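Asks: Residues per chain are reported as follows:
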Amino acid sequence: MTPDGGTSGAVSESQRRDTRPAKSAVDRPSSGPATRGDDPVIESRNLDVFYGDDQALHGINMKIPERQVTALIGPSGCGKSTFLRSINRMNDLIDIARVEGELLFRGKNVYDDDVDPVALRRKIGMIFQKPNPFPKSIFDNVAYGLKVQGMTDDLEEQVHTALERAALIDEVEGRLDESGLELSGGQQQRLCIARAIATDPEVILMDEPASALDPVATSKIEDLIEDLAEEYTVVIVTHNMQQAARISDKTAVFLTGGELVEFGETNQIFENPDHDRVEDYITGKFG
Amino acid sequence: MARQSYQEQLTELREDVLYMSEVVMERLRMGLDALEQKDVELAEEVIEGDGEVNRMYLDLEQDCIDLLALQQPVASDLRFIAASFKIITDLERIGDLATNLGEYTIDAERDLFPDVDVQEMGTLTLQMIEDAMIAYDTEDVDFCYELADRDDDLDHFAERASEIVVRDLIERELESPDEVEYLLQDVSRLLLTIRDLERVGDHAVNIAARTLYMVENDDELIY
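So the sequence lines, in the order shown, correspond to chains D and B.
Just so we're aligned: the first sequence equals residues 1 to 287 in the numbering used here.
Just so we're aligned: the second sequence equals residues 1 to 223 in the numbering used here.
Don't take every hint at face value.
Stated by the list, open to error - Simulated crosslink set (DMTMM-like; lysine to aspartate or glutamate; CA at most 25 Å straight-line):
#1 B:Lys-38 / B:Asp-186
#2 D:Lys-123 / D:Asp-54
#3 D:Lys-285 / B:Glu-216
#4 D:Lys-285 / B:Glu-52
#5 B:Lys-86 / D:Glu-279
#6 D:Lys-285 / B:Asp-218
#7 D:Lys-285 / B:Asp-117
#8 B:Lys-86 / B:Asp-117
#9 B:Lys-86 / D:Glu-271
#10 D:Lys-285 / B:Asp-66
#11 D:Lys-285 / B:Asp-186
#12 B:Lys-38 / B:Asp-137
#13 D:Lys-130 / D:Asp-53
#14 D:Lys-123 / D:Glu-182
#15 D:Lys-147 / B:Glu-216
#16 D:Lys-130 / B:Asp-140
#17 D:Lys-285 / B:Glu-139
#18 D:Lys-220 / D:Asp-207
#19 D:Lys-108 / D:Asp-140
#20 D:Lys-285 / B:Asp-140
#21 B:Lys-86 / B:Glu-52
#22 D:Lys-285 / B:Asp-16
What the hints assert, rightly or not - Heads up, incomplete: computed chain B residues facing chain D, CB under 8 Å, no partners named:
#23 Ala-69
#24 Val-74
#25 Ser-76
#26 Asp-77
#27 Leu-78
#28 Arg-79
#29 Tyr-182
#30 Gln-185
#31 Asn-217
In short, the hints are calculated from the structure, not lab data.
Just so it is clear, the structure is predicted and the values come from calculations on it, not from any experiment.
C-beta atoms are modelled at their ideal positions from N, C-alpha and C, and glycine is treated no differently.
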């Protein structure tokens, strides 16, 4: 398969039913109604990213399908995190970063002048490698984004729902006023996921979300990611290839030099990749 | 190269599967010789040797499980281990069929049907296993397809041989019913021998089919 990939996932349409209420057109940067499942929610076209004179990504073309887990894998320095961060313009925070080409979110280039990066990041949330809860109570961590956006109707219910979706509610019920920092690493990460989904984004970007966690906590996060993909589009960077194989529907393989070498169904990538370089990388013969 | 020990384990698995195939072919050869020469001692050796084949099978099965569990292979490595896992099952079954030949030798009482050349059929099947294992070792896809075609010849051979045996039995019954009763066990044994050798050919094709999958991710020859 070409790096453009197909948009039909390994998981059937019926398994990815739309259960969320439709968004208002105002919420979306794109025009017209959004379709679920078929069209890519994110599409990069000839995307180049530079850090000063260094080119970190070369002409990336990729269509990320809705409500599936797309894994980005590759060796250190291959540009996978750069690509992830370019989706919600986190690279804007780096002075020397420069982007060329297009990164479309529901058909709208997120780098257009009329796109507000803060509004964009509400639609495309991000989870980092190290859990970063605020030094506030569990409740306030989740309620924070809701309050900032004035979404304070039924605040308790919204917080409860987010904690439930993040598979954390059973472990924190009855002690929501305790500090988020007192939770275990895995619980803190799920708290961050609850915080990210409380404001009901469409896409969740994850940058090695389980790499600092033990196997049990990792397993819970992986289960959660699969559940989240029923409602959200998940894009995850991971160094753990088996994790990518376990939880993703699609896999993109970036290799040294900031090049997307192959993008396709995860089982095809891990059972019979088209490219020898990908074969060498995933079987450990490269590097 | 990264993961050197892992690569060595893969090489070792290939060598061990090839070694197991040599042992199994030797057992089949011995079974055919025992049958031809009515050599009961050799037949007992084949039967007793089955335990060694079974142990090899279990060891290699464990090696495959260990590789899957500990190395989490992917792509061509995964297909190689998956194919090897299946191929050792075919080899173990061929070992069992060789054992059957030993048992038929011990039970047999007389020569029947000189028109049925069991030895020729045995030679054909031995060649098929050998070629299947060459295809596995050298990843020769053309050989895999060629082997599948050759199995049709073996099937026709088996069909013709069975026809000869059954026709002869019917004719004998018409001529002298008492003799048929007397020969029935030997006739059954001969039909089982033909069937077993035909099955050896099927296992050789299975090996070729798994090899084709291993090399090209192509399941065309599987079933």
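Asks: All the hints need checking, so say for each whether the structure fits it.
Replies: Right, here's what the structure says about each hint:
no. : hint                  : in the structure
1   : B:Lys-38 / B:Asp-186  : holds (14 Å)
2   : D:Lys-123 / D:Asp-54  : violated (30 Å)
3   : D:Lys-285 / B:Glu-216 : holds (19 Å)
4   : D:Lys-285 / B:Glu-52  : violated (35 Å)
5   : B:Lys-86 / D:Glu-279  : holds (23 Å)
6   : D:Lys-285 / B:Asp-218 : holds (23 Å)
7   : D:Lys-285 / B:Asp-117 : violated (51 Å)
8   : B:Lys-86 / B:Asp-117  : violated (31 Å)
9   : B:Lys-86 / D:Glu-271  : holds (17 Å)
10  : D:Lys-285 / B:Asp-66  : holds (20 Å)
11  : D:Lys-285 / B:Asp-186 : violated (58 Å)
12  : B:Lys-38 / B:Asp-137  : violated (35 Å)
13  : D:Lys-130 / D:Asp-53  : violated (29 Å)
14  : D:Lys-123 / D:Glu-182 : violated (29 Å)
15  : D:Lys-147 / B:Glu-216 : violated (56 Å)
16  : D:Lys-130 / B:Asp-140 : violated (49 Å)
17  : D:Lys-285 / B:Glu-139 : holds (19 Å)
18  : D:Lys-220 / D:Asp-207 : holds (16 Å)
19  : D:Lys-108 / D:Asp-140 : violated (33 Å)
20  : D:Lys-285 / B:Asp-140 : holds (23 Å)
21  : B:Lys-86 / B:Glu-52   : holds (19 Å)
22  : D:Lys-285 / B:Asp-16  : holds (22 Å)
23  : Ala-69                : violated (11 Å)
24  : Val-74                : holds (4 Å)
25  : Ser-76                : holds (6 Å)
26  : Asp-77                : holds (5 Å)
27  : Leu-78                : holds (6 Å)
28  : Arg-79                : holds (7 Å)
29  : Tyr-182               : violated (58 Å)
30  : Gln-185               : violated (50 Å)
31  : Asn-217               : holds (4 Å)
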